[in-house]
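Whole structure, please, built from the sequences with the hints as guidance.
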Amino acid sequence: MQQQHHQIVKQTNGRRLYDITPDVTRWVALSGIGEGLLTLYIQHTSASILINENYDADVLVDMESFFARLVPDGDPLFIHTAEGVDDMPAHIRSALTQTSISIPVLDGKVALGTWQGVFLYEHRRMAHTRKVLLHLIGA
Amino acid sequence: MQQQHHQIVKQTNGRRLYDITPDVTRWVALSGIGEGLLTLYIQHTSASILINENYDADVLVDMESFFARLVPDGDPLFIHTAEGVDDMPAHIRSALTQTSISIPVLDGKVALGTWQGVFLYEHRRMAHTRKVLLHLIGA
Amino acid sequence: MQQQHHQIVKQTNGRRLYDITPDVTRWVALSGIGEGLLTLYIQHTSASILINENYDADVLVDMESFFARLVPDGDPLFIHTAEGVDDMPAHIRSALTQTSISIPVLDGKVALGTWQGVFLYEHRRMAHTRKVLLHLIGA
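Protein chains in written order, with the numbering used here: chain A, 1 to 139; chain B, 1 to 139; chain C, 1 to 139.
Treat the hints as calculated values from the structure; they're not laboratory data.
One thing to keep in mind: the hints can contain errors.
Rough simulated footprint, nothing fancy, chain B against chain C, three-plus residues with beta-carbon under 8 Å [said to hold, decoys possible]:
1) 17 to 30
2) 86 to 95
3) 99 to 109
From the three backbone atoms N, C-alpha and C, an ideal C-beta is built for every residue, glycine too.
As structure tokens, then:
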């Protein structure tokens, strides 16, 4: 049994879902681990990790439309507004989605389903540098 | 330290929560692992994993009533409609709940709380074959 | 490779977010494990685990304001009401947030981002005794 660590640094340029599947699967393929468990962890509270459909890009558009309506920017409900009208909504979107996800590794591959991709969900409007930690344990 | 993999295949017949606790706990009990970590991962983006109350079936009814109201089928907001009025809502329900959950194993048992059960949440109206991967590591 | 288990018992006194970061980081620091993976698991269906901003306490206030509006107590939609007007909302809040979270451990420290804290989110109005299990694997 062994473990490996990695970090994906992603430059975002606005509020949307970013497909990081290739970054994730490539690193696992090079790790030499055949069976194990991969964990992704995002070190932020205004961006998140999401497993989502990787086929029709309209799904990503609709996902964002839904969250924009559910957690509106500039909602007068919020008192934490010093960092911008989209900051508190970003924290709430983060709470409603995922900060960490663990995926089994089988036959040297991340065991994603046929239509699954791994996405970084940027919830802030401005560009940010986001860090996703990867931990892989197995043999 | 050792690890084991397993797959639960569940035939669903409509949108609701399916209790898979017995399938999960039975496999862990037979694994021979006394202490460790169990991870469940669902290979779909229109069904999810949820830890929920296992006692009063009304909780499952209310859970579904809430999600049906929060993410209405056929919402004109959505452009991804080719796969049916319940498809995009299913992806959003999946994003709002969980794709993976990890639970410690103690004394050879999945360390669920007294009122906790493990559920597969089918978000599509039609019948589907759903796959949940299980990864267990420990000693 | 080795693993360790721990339990945090938290006495809550009302519906809000409780910072358990010091309890978590102190235990990991004392574990002697330099690199690995920490998993937190809450044994309840009316309280949850959340990674959230640890700096401005207003974020915690706004988070609660949002969930109180999204999942209102005493909603006539619910039929599971025997345990109180805040019980079914608590189960839904639990489903919308997290029951388990896994965080890499690097250089003997939980690899939280600069502004991240680990919170127990009590969703019931009355005082409760809540149990969070910790599992740490690594070397």
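Here's how the hints hold up against the structure:
1. 17 to 30: violated (count 0)
2. 86 to 95: holds (count 5)
3. 99 to 109: holds (count 3)
In this structure, the one hint that does not hold is number 1.
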